[in-house]
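Visitor: Residues per chain, in single letters:
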Amino acid sequence: MGAQQAEESRQSHGDGEVNHSMAGSEQLYIGLDVGRTIRGALVRADGSILRQHRVVSEVSNARIFIDQLIDVIKALRADTEEVTAAGIGWAGLVNQREQRIEVNPNLVDVSSYDLHAELERATGFTVVIDNDANAAAYGEWRSGAARGFNDVFYVTLGTGIGSGLILGGQLQRGSRGFAGEFGHFKISDDGLECGCGGTGCLETMASGPNIVRRVREQLFSDPSFSLSKLARDMEGILTAERVERAAIEKDDLALSVLKETGRILGNAVASVINLLNVEVVVLGGGVMAAGDLILEPIREAAQRATLSPALECCRIVPAELGQDAGIIGAALLARDMRI
Amino acid sequence: MNKTISHYELQEEIGQGGMGRVCKAYDTMLDRTVVLKLLAPDLMSEDESRKRFLREARLASALDHPNICTIYEIAEVDNQYFIAMQYIPGKTLKKVIGTKPLSLDSVFSIALQVGDALAAAHAKGIVHRDIKSSNIIITPSGKAKVLDFGLAKLLSEKGRVEAVEAQAEELTRLGTPLGTPSYMSPELANGERADHRSDIFSFGVVLYEMAAGKLPFRGQTSVDVMHAVLHEAHKPAIEVNDKLPPDMSAIIDNAIAKKPADRYQSMQPMLEDLQRLSVALRFGAQGVPDGLTTPFVLPKRQSSRGVFGQLIRGLLSRAPASEAQTLQQPTARRDASSPNANLDAISDASSAGASRTTLAVLPFRNLSGDAASDFYALSLADGLTTELATIGSLSVTPSSTVAKYRDQAIDPSRVRAALGVDVVLMGNFLKAGDRIRVTAQLINTSSGAILWSEKIDGDATDVLAIQDRISQRVIAGLSGGQAPLDPTHLLKDENEEVRLDAVRTLQFSHDPRALAAFVEGLRDPSLRVKAEAVEGVVKLGEQATGPVIRLLNDAIDEADNLTARYAAKALGLIGDRSISSVLVELLTSEDKFVACEAALALGRLREVKAVPDLIAMLDQSNGNIRFAAAEALGQICDPIARQALERRLNDDDEGVRAKARWALSKLKKVASRMAMAK
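Going down the list, the sequences are from chains A and B. Heads up: the first sequence begins at 1011 in this note's numbering, then just goes up one per residue. Heads up: the second sequence begins at 0 in this note's numbering, then just goes up one per residue.
Okay, chain A solo, but in the shape it has when bound (with noise of 0.2 Å):
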């Protein structure tokens, strides 16, 4: 863990009670989701948390880096007997087939270690590592907001933005583990260079970062949101989180800002629907704390530009589990993969 600030708590997701104590012989799982901050938890098999442990992601150094995954995985099963697998939701591209890391696009490059037989030869039991909107797309369909549907549309609008799909009650991993990058939908030829190497992303336009960066470019080109209370923050430090709290507090500059957003955003879903007739989608990530105000129009945007038979027999949902959807789906992928 190093010097790395670690951070424990307990809380309960799911149908199950809160137990701050050991559940006497229950099988237990471990779901990690792994970013700029590793989080993770001990989770039942329903779906509840029993623990979590999160440390800040040590991003320059993949020796560090992976022996930190292993710490919080030591640290989250203690004493406990029971944990007979491990989850690992990835930001990154992962080879679903060979288990291996394939494009990691915001962490440190651990393509030269084998992960997966690292993690289980320090472990000792079953890993299995998937991408983290994958891991959450099941946490949300094993137990949140997509409960009962068979299929499925989850988008994760955080620092990046992912997807996970599932089609006829399972999840879509496409030939090689790599389906699902909405985030690298292609909106404009024109468009901003993005992280992957190539232009024009819907994660250009639309992830956290961008939309910090948008409302910054906002301000330079209209110089009368200079006037906005946003723009006074905006000389120290902005995140996409101050800029959803402006939002609510009614600012012009951010609410515009979130308003374009869910315009990009519903437009791109629409093609999804229209593409997969789903029958839901539902809306997680760090950006959906705006709510109504980035959901709203999503859901315009989606409604004008999706076939109206696809519409009608689609809901586009906000995500229940928060933050919590990538452990405690990685802890039932773990649970499910092993069965």
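Note that these hints are calculated values from the structure, not bench results. Being a predicted model, the structure only gives us computed values, none of them experimental. Warning: the hint list may mix true and false statements.
To be verified - Below, computed lysine-lysine pairings styled on BS3-like, alpha-carbon distance capped at 27 Å:
(1) A:K1239 to B:K591
(2) A:K1196 to B:K665
(3) A:K1196 to B:K667
Position chain B relative to chain A; hints supplied.
Guide: Frame of chain A, contents of chain B only:
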């Protein structure tokens, strides 16, 4: 009634029927009277029909047309769905008609307005389905407004018969889609799918009703009426009203043909026939000379009506053809001794002076922000068009063609490209109480020169007098008999909208006074005027650099931060490379926004010599500065900035992180291109 729904205070119930209650209400947020339709709960109980209705109604609410009642909002509070719409004082056309035919002038005026509204809606794929005389309101000024676009289908799907009896006839009322089958097209009466041609049929019935004072299909009961609609031939309108022009009766017959395929196939040709007939009748002809399908040409015989018609004819006939150069430098070279200087310029705008000068009167812009005054926009333009069209030497574009320019910032050169006119008459109006101020300008579309401009004050309650007065002033202005108003004077007007419009108009002119006006505009207390002044300065390009730098220096001295910022922005957008050293100096300006604008400008100029200063800016504590520096470095793409940008990938500010990532990806692309080139 003291109930409040959302931000609407219900004032009085004005009707009740199949769709629900209709109330006059007060919008406390926007401080205006509206009409609320509170939809009956059972109408919205089925999820699918509710969704479909809401989609359709929202689509209809996007219709922005002077003759369509605006839907402001469709919302739900505590399961109560309601529609908020424009409050229109007036009477239903049904009441206006009563039992007698309307005058031909009124028939054409209303028909052209309603027809234009239908054409606009059909162009957006919206069919009304319930056009009838009680769904059209005529305001006291004679403006027609069509109600309830997009609302009829809900009732028809529910099989509801509307039995609204509005307590106040002059207010917006509920639709009655199935209650009065007299207007219903045969295909609707048969329960078949109805398209826009169904509206054409209903519109034809309304035309018949206006022209004949009676409905074409009548009966004792609804079943009788529907039988007549489906199976009986109507009596031609001319047989009911022998004063009706035969061509009008023919237009109606075409519209109310039983089979959709036998009617006008869209509103546009019907509208054009109505327009041709209207104009022909104004000139005393008994019909359109070569039949309705012949393109309309202004008749040789000129109208004797109107003092300005005679004035313009007289002036045009005196216009010499040798002063084409006046157009090039209208202000400097205008010969004040020539009474016809402006007129000559217009006359000569046509290639050899022999053909007719083409002119379009554009809709006037409403600067009042008061929707109730909107009708002046088209009525002023329409009146002037009608008058000027009587002049043989002028070819005037019909009002219906220029209506699309309503509420737009207009570039006369674009109007020239679209309409092929030599000059445009355009302007704005500002209504305050009973007074109205109209500012009109005559602009050469080729050179952008303002040939004449004047501000006219009048009594808003007498539209015709205002129109007359403006026409006379326009004519006097055309003849050079009026001293043209310095357009920059408008920048001193106390009303922000007037100043804003003045700057926008100057952007499209080539008036030599524009630069000073824009620099003045940069100092304007209104940020909107400042922003438009920036646009103006940028259009003028490098000739504006010096005055803007002087303004920037003055503003910095006076600690007028906003003016300094806008001046810096303007300077940056001009793109004048010769001032890059000035911009580098501004990077250290105490005003951080000025520094940011300078950084962005240097980025746009790809100014490599600024890179060290920009790299230093990346470490400043101000987030805006770091962001602007990253943006500029991304534009310049100097590999020397790579490490500094990489550090910003961990910036606490998410926007700076995103911008640094973008800048680095640009650097990477340039590097790989260079590697390939090697």
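Visitor: A separate judgement is required for each hint: does it hold in the structure or not?
Guide: Hint-by-hint comparison with the structure:
no. : hint              : in the structure
1   : A:K1239 to B:K591 : holds (17 Å)
2   : A:K1196 to B:K665 : holds (18 Å)
3   : A:K1196 to B:K667 : holds (20 Å)
Comparing the model with each numbered hint stated earlier shows that all of them hold.
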